[in-house]
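Based on the hints, put chains B, C and D in the right spot on chain A.
Protein sequences, first through last, are from chains A, B, C and D.
First residue of the first sequence? That's 24 in the numbering used here, and the numbers climb one at a time after it.
First residue of the second sequence? That's 24 in the numbering used here, and the numbers climb one at a time after it.
First residue of the third sequence? That's 31 in the numbering used here, and the numbers climb one at a time after it.
First residue of the fourth sequence? That's 31 in the numbering used here, and the numbers climb one at a time after it.
Derived from the structure by calculation, the hints contain no laboratory data.
Fair warning: this is a prediction, and the values are worked out from it, not measured in the lab.
Beta carbons: idealized from backbone N, C-alpha and C, even for Gly.
There could be a bad hint or two in this list.
[To be verified] If you want the footprint, here are the derived chain A segments under chain C, 3+ residues with CB under 8 Å:
hint	region
1	110-117
2	203-215
3	354-365
4	436-444
5	479-487
[To be verified] In the EDC-like style, the derived pairs of lysine to aspartate or glutamate whose C-alpha atoms are separated by at most 20 Å in a straight line are:
hint	chain 1	residue 1	chain 2	residue 2
6	A	Lys-88	D	Glu-90
7	D	Lys-144	D	Asp-192
8	D	Lys-190	B	Glu-398
9	C	Lys-190	A	Glu-398
10	D	Lys-144	B	Glu-398
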Amino acid sequence: MANRGEIALRVMRTCRELGIATATVYSDIDRAAPHVRAAGEAYPIGAASPRESYLNIERIVAVAKRAGCDAVHPGYGFLSENADFADAVAAAGIAFVGPPGAAQRALGEKTSARRLAALSGVPVAEGTMQPLTDEAEARTTAERIGYPVLLKPAGGGGGKGMRVVRAAGELAAAWRASTGEATTAFGAPALLMERLVHPARHVEVQVLADQHGNVVWLGERDCSIQRRHQKLIEETPGPGVSDALRERLGAAAVKVATAAAYVNAGTAEFLVAPDGTFVFLEMNTRLQVEHPVTELVTGLDLVALQLRIAAGERLPFGQDGIRRTGAAIELRITAEDPFAGFLPQGGRIEFVREPSGPGIRMDSGLAAPMAVPTEYDPLLAKLIAWGPDRATALARARRAAREMIVAGVPTSLPFHSFVLGERDFVAGGYDTDYVATHWDPPGVPLIAESAAIAAALAGIARLRSARRPVTSPATPWTASARLDMRR
Amino acid sequence: MANRGEIALRVMRTCRELGIATATVYSDIDRAAPHVRAAGEAYPIGAASPRESYLNIERIVAVAKRAGCDAVHPGYGFLSENADFADAVAAAGIAFVGPPGAAQRALGEKTSARRLAALSGVPVAEGTMQPLTDEAEARTTAERIGYPVLLKPAGGGGGKGMRVVRAAGELAAAWRASTGEATTAFGAPALLMERLVHPARHVEVQVLADQHGNVVWLGERDCSIQRRHQKLIEETPGPGVSDALRERLGAAAVKVATAAAYVNAGTAEFLVAPDGTFVFLEMNTRLQVEHPVTELVTGLDLVALQLRIAAGERLPFGQDGIRRTGAAIELRITAEDPFAGFLPQGGRIEFVREPSGPGIRMDSGLAAPMAVPTEYDPLLAKLIAWGPDRATALARARRAAREMIVAGVPTSLPFHSFVLGERDFVAGGYDTDYVATHWDPPGVPLIAESAAIAAALAGIARLRSARRPVTSPATPWTASARLDMRR
Amino acid sequence: MDRLGAAGHAALRYAIRAGDRDLAIEVTPEGRFLVDDRVVAADLVEAVPGRVWSVVIDGEAHEVAFLAGDRAWVDGDELRLEIADERAVAAGRAGGRTASARQEIRAPMPGLLKRVHVTEGASVNEGDALVTLEAMKMENELRAAHAGTVAQIAVAEGTKVDGGALLIVIRSR
Amino acid sequence: MDRLGAAGHAALRYAIRAGDRDLAIEVTPEGRFLVDDRVVAADLVEAVPGRVWSVVIDGEAHEVAFLAGDRAWVDGDELRLEIADERAVAAGRAGGRTASARQEIRAPMPGLLKRVHVTEGASVNEGDALVTLEAMKMENELRAAHAGTVAQIAVAEGTKVDGGALLIVIRSR
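One chain only, chain A, in its complex shape (with noise of 0.2 Å):
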């Protein structure tokens, strides 16, 4: 497992499940975090700058060499969409659980998956099909496909490192921030530039192909409510998603996969226009955040299917072979203060409390006490609700959201309470803008009057009994916590 976190163990559960035997890394900063304390082996890989740890190749492999591992799992982020890493793992004969690095390649580079959708007949986005070499290019191509564009990093996807540019003025600035992120998330300052679709809804499509050609799509998730570019909540079937659309998603995704001659599981992206009209943005080429939606209205396991693709195993079904029944959504629950435009936080994690009950799934990598490095990724945990409709597992989701408690650092759970109860949302009626059109932080949610004055009083009883030596474990803790307030 050559990843931390939540999908390190979502990754060994399904190991564990099918008896396979799991081996870890870890950063100097993770010694005792979850993914260390449930893995059967853990190796140390350096400091905690993911340069020297988890994007580290060379110390990766030969820890899977040590280890003898079979296969290495890259999870998402880190290196999951390294072609070198793929190819690394590949030359010292384990297998890579994900496409070979030919097909990151084909892919991974944006304006060459452009290139490939577009000669397979898939329609993309007006704009660059090469890397732009410098901003004088960038500004010419920017007047002749007309502003608002979007610019890019080239080397890797996420969101990260992407802005809209809306006028001339801004593409200075634009250009040297992008370029900028581009260098320090993806090692490449490559950027390439479209026409901003707009307004869209970001759908895309999981398809899964093994290494004998057979390639099948699993569904949709509409992932529109971003912030940064960056997903907060995902949801399938997409509530603007007609069974057509569906279809003809479906249709494209597998026609680009098929192009890439891909293997393993990835994720195509669409920008799906108000009129039904869809441009190809990239394929993911690894396990995405937000799988589990997916595996909940398919009863698939995808990381299971994922192992058996890289054992050369054959897809066990075709594309009729898919069911999908119901609805499902996942909440990202991550280190941000929603409150301050969800800035990342970092700190330590004093208390939690999950929630769980009918049609809730968690994919946490939550514990108390627990460090959260400001090193890595903000995701601290996945919200997962099923439904047999979507008002079914909305109304979970926000029932499931309201009961998690996370104590130490700010959390994007007040905004999740929010966009659940929030009319457009409920309505189905999103679009990527949703977030800056919609999410105007009050700062104080309105509560009932007796709610704030139960939060007064035991905020009041906490000071009191701060000033009390610590109650023994023995005495019964109600009774002593009485006591106090009779004091």
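For chains B, C and D alone, kept in the frame of chain A given last:
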């Protein structure tokens, strides 16, 4: 909500999802229990002893009136099968979420249920069709139908007070014990006697009936894994149940429900002999502890359906509208020591880690810290797993059970991990003797030498750290622990 | 807190800002609560020591958790809970009250101060970008919450800063 | 524990019975571990204070939790972990060692001692019912784990007993 623990939480979860405000009752010892914290309103009803609180019809009905409840859900156990309670609630102009008193009387008293089943052409075990008057009658009856026989309280279910009598010599002691327990548990000493069907599987069928005469069955559950005639593990589909048998069991369950003019959710219990013949045991006139396995394969929310039925709605589907997908299994995590004859243990929960992830649902009443009173049922939580097939459901349940940690009281978890790895159970070939014939607690699980050493080292580290002042929350804990090791 | 400690067992008066509500709360030596001078029959139990409380007021059940700093969680909602004693309120030190007079721009997390977009003495409008902080692989622009004048630039470009470090001070006009 | 405390920073020797394994463990003043006199490169981290430990030995990762008393949890399995220092072992006080010589029948939980089925001096066989304890709405029969003689009946019928209360002592023949 006229109950406590996990079932109170489970019912209130559905209420919140439906936007229904909740009010609950609590005994003095439960003031800070999870169900009180989760409720919208909470009212004290007396001392810990059930008679003073959760069995106190007057006080509970008074609270329901004061709180202006539209409906009362009894959960399971306590007053859930008390006809007088159902009548008292109805008399107060409040909807009782369960069958009316009349139906409860017809089915609650076991001999009357046997008569009713026999009249509607459903097979019952040879035995008494009226309660036994005294030990002498018991003796003559036993001689007539022949040993071994089963002594059961006529007044209630749940396996409490049930005794197998293998020979005349055992009758006196069994009669005494069963009478005593029947009085304690159901306030009525009356017993009945049946020929023992043995070997047999305990298979039950979930039924739903609305107030308009519509009755459907949702599927079966095999509950053969029992100790003291009480269930520990339930699964669906039943490993020994063919499609034909399932249909016959379903039809029989509907017959009994119809004959009793049954309303709301209920469960018909059967014993199935190896040759596939079966006898009706009793009808549980409430929601079962194990209802989630049926929810997972049907995609239905039985509590939501109970509420709709209680509100007078018609069943939203007919028999042919019910689909079952995959397999589900439930593990009852109880406060019992499986290494000491499953003796219930009260105490204080100090730490809990609950599992989650793919296919796992927890219906839990656990929190840390939390008191586990000896006054109530020892059920702490239910771990429920779904899979597209039985093997996957079992693998997920085992994986999750081995992730779970409960510190402070012994639990049934070691038993569950054993069963889920045991050949006969995994093969599906088990009956009600399983615990007696398979669970011979080694007292010592065979774990890797290295794991034993790890435990020993950690144990010593703990002793050593016990001599240090507690680490201040400010200090990074991993660092401090490491320092300690280097001392 | 000191003042509270000093107050010993005399009646304690607090001014609470819970979310957008201001409440005056008095705790009698017997531990009874008066809210805006009305007696409130509140039953409080500490469910998780120092973290989670169960509060029942006339049958209304609430669960309260303290998350960090002044953030509290009540029945699924987050709110800011500011507690001060009467004098503090009088002195206008009750949290939030003075936010419009003086803004402190602090680093929300450890990171690298990539760029400072303003100079001392410069006047800024609400929403103007003040600094760019690089952290968690992203560049985050910190903006002015109100119009004002840049009173102080506490950190130079290119400096690595800790979470909470003071970066810029804005004084309102 | 006192003895440990007194031992200060000298090397500490322990006899461990972990499940069915006996291990002799020495902790050097530098905090290194010797198991049966072999040095074991163990990296221990306290994940949940006083409760959960992460132990990595040559890349093998283990998670250890302490449940209650001498019950420990290791990678999903429960085992009993008995720790004694050398002298205790010599004196035969290492847990479990003496179980067969003297059995103490204790109440596993608070309840009512409904009936005592034996008398002092009576000889019992393995599995014989000794007492009936009523608790949690059930009558539980406590039985002899080994054959022996009833050396003591500590509590009379009809008595309410606490969890852990000594009820009967059996001495093996």
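### Task
Run the structure past the numbered hints and jot down the numbers of the failing ones, going up.
1
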